[in-house]
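Asker: Sequence:
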Amino acid sequence: MNPLQTALIALAVIATVILIVLGWRWASRVWSVPCPSLFGWALESLLYARITGTEKTLNRIGLRPGQRVLEVGPGPGRLLIPAARKVLPGGEVVGIDIQPGMIERLKARTSAAGVTNLTAILGDATQPIVPEGSFDVVFL
Numbered sequence: 053m054n055p056l057q058t059a060l061i062a063l064a065v066i067a068t069v070i071l072i073v074l075g076w077r078w079a080s081r082v083w084s085v086p087c088p089s090l091f092g093w094a095l096e097s098l099l100y101a102r103i104t105g106t107e108k109t110l111n112r113i114g115l116r117p118g119q120r121v122l123e124v125g126p127g128p129g130r131l132l133i134p135a136a137r138k139v140l141p142g143g144e145v146v147g148i149d150i151q152p153g154m155i156e157r158l159k160a161r162t163s164a165a166g167v168t169n170l171t172a173i174l175g176d177a178t179q180p181i182v183p184e185g186s187f188d189v190v191f192l
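Start counting the sequence shown at 53; every next residue gets the next number (the numbering used here).
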């Protein structure tokens, strides 16, 4: 295979991945579909964090040290892991996700980041999992 063919194949693969992710984004807005854990890697990238404004989002939420925070559907922790750092000292964050694959990714990323004030719960947020009124901030 010559370099041009290799480059074209690489571009085709990249374009396909982009189309799949964009297709999911569109579908999730139309049908309220959670991001498949198969696409979790895309949510973990630094590029995605920059494009979506992770820090700006967290600043708008107004997290402060010592708060208890719940995120419903944290996926691999794009917002929740940085949120855990923002509520230190004394704060705690909890993420509830319905997908086992996302909870596994979240736990692995939490451990790799050295974050100790994050709890990941596998469950349906429409069911009573945590006591009412036990969080200062809740976000989706």
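A hint or two may mislead.
[To be verified] Under the rule of at most 25 Å between Cα atoms (straight-line distance), these lysine to any residue pairs were calculated in the SDA-like manner:
no.: 1; residue 1: K159; residue 2: S186
no.: 2; residue 1: K138; residue 2: P183
no.: 3; residue 1: K138; residue 2: F191
no.: 4; residue 1: K138; residue 2: K159
no.: 5; residue 1: K108; residue 2: L63
No lab work stands behind these hints: they were computed from the structure.
Asker: Evaluate each hint against the coordinates.
Answerer: A quick look at each hint next to the structure:
no. : hint         : in the structure
1   : K159 to S186 : holds (22 Å)
2   : K138 to P183 : holds (23 Å)
3   : K138 to F191 : holds (15 Å)
4   : K138 to K159 : holds (18 Å)
5   : K108 to L63  : violated (31 Å)
In summary, the one numbered hint that this structure violates is 5.
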